[in-house]
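Asker: Okay, here's what each chain looks like letter by letter:
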Amino acid sequence: MQYMFLLYDNEAAAGDAPQDEAAFEAMMAPWVAYTHALVEAGVMRGGEALMPTSTATTLTRAGGALVTTDGPFAETAEQLGGFYLVECASLEEALKWAALCPAMETGRVEVRPIMPTDPPG
Amino acid sequence: MDLNRAIDGLHRAHHRALVAPLIRILGGFEAAEDVVQDTFAKALEVWGREGLPEVPLAWLRRTARNGAIDRYRRQGRWRQKAAQIAAEAPAQVMARALDDAFEDAHLADDALRLIFTCCHPALAPEAQIGLTLRTVCGLTSEQVARAFLVQRTTLQQRLVRAQRKIDQAGIRYEVPGPEQLEPRLAAVLHTVYLVFTEGYAATDGDTLLRVDLCDEAIRLARLVSGLLPERAEVQGLLALMLLHHARRAARVDDAGELVLLADQDRGRWDRALIAEALPLVEAGLRGRPTATYAIEAAIAALHARAPSAADTDWMQIAALYAVLERQTGGNPVVRLNAAVAVAMAGGLDAGLARLEALAGEPALATSHRLPAARAELLRRAGRLTDARAAFREALARVNNPVEARHLARRLAALGGHAAEEREK
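These protein sequence lines are chains Y and U, in that order.
Mapping of the first sequence onto our numbering: position 109 corresponds to residue 109, and the numbering continues sequentially without gaps.
Every number in our numbering is 1000 more than the matching position in the second sequence, counting from 1.
Note that these hints are calculated values from the structure, not bench results.
Careful, some of the hints might be misleading.
So the derived list for chain Y, only partly shown, Cβ under 8 Å to chain U, looks like this [said to hold, decoys possible]:
1. Met51
2. Ser54
3. Thr55
4. Thr57
5. Asp70
6. Ser90
Given the structure is predicted, the values throughout are model-derived calculations rather than measurements.
Note that the Cβ used here is the ideal one computed from N, Cα and C, for glycine as well.
Construct the complete structure from the given sequences, taking the supplied hints into account.
Answerer: Here you go:
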């Protein structure tokens, strides 16, 4: 089964990425290690980090017209900052992996099963 | 002090021409703006010591160009993109690219690209306004902050956030293609009009210190009109703003009190602005579909042409409002104005009935405009008790003190007081 890990954290508290090369690499190290672990275990199906919500644009339909607005869909205390897509045998296994995610240091991880769909045709 | 003023003047005259080429070459809005701000900061420092250079623009361009090259060199290697470009473009190549980018031949295209980028709908409306005023109009952050009565630091944070969003979300520095031009131009014109209405509403405050936002909006519309002369909606908006602006001296009396259109001294209307606007109204109306701004301008033109309030062609105004009503899909504010026009064209009862029908509109629920309009029509109909009640309702809702005093005077003229009426 596939699961999506949705990584939430308070991006204001996390602050900007450090400009200094060494500090940047130190910040990235646990993420690199975690991603490697997922790949080596054969469960990694994909994942990305997102730019902060200050770069978000929300599209809605009001009446017939598309309306473009600045900002995320909802202002929340914690923001979606990235995701992983993993292949696990069970929710228990997925939760074990989620617990190891570096996002758990300061934030939280929402684990959602991918909805099974029949292949077309 | 004089140097500060000279630098503000140069900022205003040349900011656009400095920042636009840098956006193209540096590939980033924030980086370009930083280089320009640093350039002006350096001008203040150096010119304070050595006096103004002979050709300030040449000095500013040279300094901005060198600043851009320095910035490239300083950018950390881990920033892959910068490193890539730095590898491909040694300083000399970049200097040549910058010199070419600073050629005057690019000015018009750059202005248009800048306006569309600053007014991108993915930016918050107040950020669009602030960015446009600083980047396109060349106002300093200080001037923009003062015009909107916000702290300079608040404004600067807002602009920095918007600049970052442009860079990070991938908003392209370009004029939209034909299929996107219409909605994007609508967004630009909306922003320009917001600048104008902000200036129009600001009747208080010290005009010596505050930049006149109406003037800025008109200047912007003239710029866009010059760059896109074939777009009827631009001519319509420019005409509309000119016609409103022409009335500015008559809108407020010597005591600072609001004067209704009907009571204005038409001798104080700016005839030169009206003369400039009337052909633009015609041009605006030629577009298909007819632009909303052009219809509004045509209505304003009928007022401007009327020798007195009594001679106003209300029949034609009511007809234009009917078109506007259809076009805006029954926008409540348009319906309100249409109802008043119908009443003034002789259908007092029909106009009042239309206003009653607007009573449940959420968009008007907290505004004083509906009861104020009802009050005026009830007064005309001779239903004075109802008129007084409607004026009181309007007074309870109004926020702007100038408009509140106006409503209180209207109420007093009907023998009423702001307090609850005792009579039946």
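Asker: Taking each numbered hint in turn, which are not upheld by the structure, reported in ascending numerical order?
Answerer: Number 6 - this is the single hint that the structure violates.
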